[in-house]
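Residue numbers (this note's numbering), protein chains in the order written: chain L, 1 to 181; chain F, 1001 to 1698; chain R, 2001 to 2328.
For the record, the hints were derived by calculation from the structure and aren't laboratory data. We treat Cβ as the ideally placed atom computed from N, Cα and C, and that holds for glycine. There are no misleading hints in this set.
Examples of chain L residues lying across from chain F (beta carbon under 10 Å, computed):
1) Lys52
2) Gly58
3) Ala94
4) Cys114
5) Ala139
6) Ser160
7) Ala167
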Amino acid sequence: MRSGRQRGKPADGDWSSRVTLTVNGVEHDLTLDNRTTLLDALRERLGLTGSKKGCDHGQCGSCTTLLDGRRVKSCLILAVTLDGRTVVTVEGLAGPEGLAPIQAAFIAHDAYQCGYCTPGQLCSAQGMLDEVSRDWPSAVTEDLTAPAQLTDPEIRERMSGNLCRCAAYPNIVAAVREAAR
Amino acid sequence: MSTMMGVAHTRLEGREKVTGAARYAVEFPADDVTYGWAVPASVTRGRITRIDPAPALAVPGVLDVLHHGHAPRLVPGVDATLFLLQEPAVHYRGELIAVVVAETLEAAREGARLVRIDYDTEPHSTVLTEHHPGLYRPDKVNPGYPPDTADGDFDAGFAAAQIRVDATYRTPAYHNNPMEPHATTARWQDGRLLVHDSNQGSSPVQSALAELFGLPREAVRVVTEHVGGGFGSKGYAKAPVVLAALAARQVGRPVRLALTRQQLFGPIGYRTPTIQRVRLGADPDGRISAVCHDAISQTSTIYEFAEQSAVYARSMYAGRHRRTTHRLVRLDVPTPFWMRAPGECPGAYALESAMDELATACGVDPVELRIRNDTAVDPDQGQPFSSRDLVACLREGAHRFGWADRDPTPGVRRDGRWLVGTGVAGSNYPARARAAAATATAAPDGTFEVRINATDIGTGARTALWQVAADALAVPGDRVTIRIGDSALPPAGVAGGSMGTASWSWAIIRACEGLRDRIRNSPGGTVPAEGLTVEVSTADEIRAQPPRPRYAYGAYFVEVRIDVDTGEIRLDRMLGVFAAGRIVNPTTARSQFIGGMTMGVSMALHEEGLLDERYGDWVNHDLATYHISTCADVDRIEAYWLPEEDADLNPAGVKGIGEIGIVGSAAAVTNAVHHATGIRIRDLPVRLDKLLERLPAR
Amino acid sequence: MRPFRYHRPTEVAEAVAQLDAEPDAAYLAGGTNLVDLMKLGVQRPNLLIDVTRLPLDTVEPLPDGGVRIGANVRNSDLAAHPVIRRDYPVLARALLAAASGQLRNMATTGGNLLQRTRCAYFQDTSKACNKREPGTGCAARHGQNRDLAVLGWSEHCVATHPSDMAVALVALDAVVEAYAPDGPREIPLTQLHREPGDRPEQETTLPRGTLITGVRLPPSPLARRSAYHKARDRASFAFALGSVAAALDLAGGVVRDVRLAYGAVAHRPWRAHRAEETLRGRPFTPELAAHAADVELAAARPLEHNAFKVPLIRNLTVRALTELAGRP
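Assemble the whole structure, with the sequences as input and the hints as a guide.
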């Protein structure tokens, strides 16, 4: 009953596409099954397993990455749509001089327990801080036309797309607050 | 000498976790890897009459479809929930009955959708009720308690009491939902099985696999380096590790198999729904004379798991006349299993709610009521507690929270469009330990390595054990390496039952003590070139420890707001004070307490498995519809602990902190909801639809 | 997920022609709903036409004082746009109340309008659903239907439209600009979504193959005094149990004009015309607002588990209008 491994390899050119994708500063030229999500391309093709699969349906935030600088859920993005675009994952947050401030703040504030949602939290926080710097409002912003203020309720609302079953939420808020300084 | 115990320390693996370098079960590189995708049964009870794998096998990239007809054989009698792909019987909807193996995840998913399965179905029963004809008394309840206890004459005591509370509380099915789904990478090499698996303790998983596959233990290795949470549901071998091992054997290549989020709602366990009747009889001052807790829960038709919900009432508060009972019914449902403080958690919700009702009935402050019913002697075992600081927790919490001037009148505090109320509840959790083995090795360069198959599922165990080891060796931490998370290490029990740190530190301390003796006794008192190693087991010592009631305690104080227009409930503030023996690492301990408390909030306000009786499964089987608390749901949450020295525990003096934070916390929330609104909701979760039309007039 | 071919057209007409030529094709925009449903096996296109690189991604103020929103404008960009925040707060609020920051960065205006119900039975291919598989029945009708419709449902389908944004747009009298196989067309948003009737699989009035290219907001002085109120089961990142979009124009305490729409109560975003009629020309009081809601909700037929939605919507109506009336 064992099947030959060559049987039925997904080789039909119609069902796959070539995609050039820059991930953490490295350009990759990939031929991908059109069905491959960005998350699966990162994890299974590029070996970048930092981005996590918690629900695979955009409901938990563990797979959050930065796409052209904006936070997105990589489990709901088909990699084939990303030709020519730029992705940063948790593996790309640290710079040559060491951890990014948000990473260091997560360690210092114990803003995690099991660590599985952490890469998504970090990328989400990074993207969220950029949104705040552009004065984007949130659901809890009192005055829609005023400059954004990063209060604790604002952090909590803006980080609510990232579930944490260990519930490190208060420590995540503290870490984001520190990294924003 | 203690230099590291009690000192805050960041996690040893912190850098790995924030850079994405920490690898979880299906993230280890594997050559020639394949992907497994489990196929769930779509009927509730019956028999598979035919499986047609052809449409799935026609999918490009699909290698095989494993099912009962041709999967490798397992040894029967090990554990019915793990006897997978062996028989055509279907015991519940969602039972995993086939596995598609493919070259890619995409092909595996599509193949799994296309496996055609025909069934003969039978009528099913999936709903727990207090009148179910199948109710019976189990021989024991988890993990080994007697199902029923009685002392004094409850019926007479209750009848004679001046104040009586008689209330029935209901909790729904709760689903553990760790962020990392249950997942395994399995490979076979020369008759040996190597798995990377997401579990709470790989020694028992190793044993289970060895028995199921008819192998010596040494032929199975289970590596569990990082685990994305478990909350009890990974406390034993679960379906993915068996399915992946079967599939890897079948296709002769490594297999990665992760359950989908939807597939976690059942096959890996859940907290059973409960129906709990609590009766309290007291005098007008609130002194309890009679207490009875009758708990009903469900199990499956293939395995008896009996949630010990009424056990909490046996030892928590005083009362001359006492009775507890557990009844169980076998339903055509997945087997319930451990979820953070099984038994104590739902049981404390019921008892701590009834205590609030009693406080109201007596007109006694609910903090004072609990203090009045404190007891130095365990009413269940008749022995004094090794230590019991419940009253101190209540007093410290009341002080920190600002409880003193609380007006007990319900439904009268308004802050704009919000009704505001506060609530309190107590908590306990047994402090136990399991046997473990450990080795400690000294190298001539002055460094040490401590090895034990402990598991860090996010608790901070790796860091805490390293601190314990450094203290036990009396050397700075930077000279000590701790190795955990591999069944090739000295065997140890699971991270569960709040026993991890107590059990593992015990073995580590003994190994380190032995090593220091060996070094002292070696020629010149130095470590020879080949190093020195001491291996110990605590089995005898733990067996010899006299039985005694040993518990951790806690108290919660909660403030909630309820929107008068919508009934929406928001947690303003939650404060917990705990007495849990020595705290090894304040940093990670605080996270444990806060995590438990938040899960209690989530239990009180958000979570509920919604069963559809016609189908026999939970309709809301994903994270969009099964709500767990988000960051925005937790406003201000604080955890404190009291210094507590208890010499009758274990060498490290710890009680365990993984579950004490959830026990009773839901009741503190719902008691606050009652104080805010005057509405007593006795079926969880409390959501806006249960309040909306009963709120005080706007 | 079924294997599919992938096209990425650069012009609208090309996209429409490609879809028209392939019966099982689907447009792909933000993917937040379609990719989700493809993974679940609910939708199984064999060709995806990626419209995200079509030049439909701007928010343009129009000479008449209105605004045109390109179909590809992301929800987050729309919510953050200064004109929307200033002139159409109900729309910004509705967008910000929806989903999460990540999803708002992905979801598009057009895709948001066409997202499918989150009815759990629709999403589970092992259960009966007339919307997913016409003729199989509606498991939700007598199932776990707490989240589902109280207005306009049929025995064939009790699903709700899940969008927050669409509720605000319906209140604002938005006009959908689209490109059908026979050319461009426009349709008032109030007429875009259907009630389920006996064809719940047919969710909009657009002919097959039509691509939404944008949404036009008419000038609306009223919209500056507008609000969106959403009740849900947790504080964030949850679909509505009920929501109200409202805009109010008072003159000397009398309702000169009003817009009111309800979310999470019907198969379409529910414009509350009857309530608006009840309010117009009368001196505003909270009691009048409650009465207006009652008039609108008289047609409600709650299911077994969702009777709470009627008082919930009523209370949200009163709150929304009373707060607007109290604004300077």
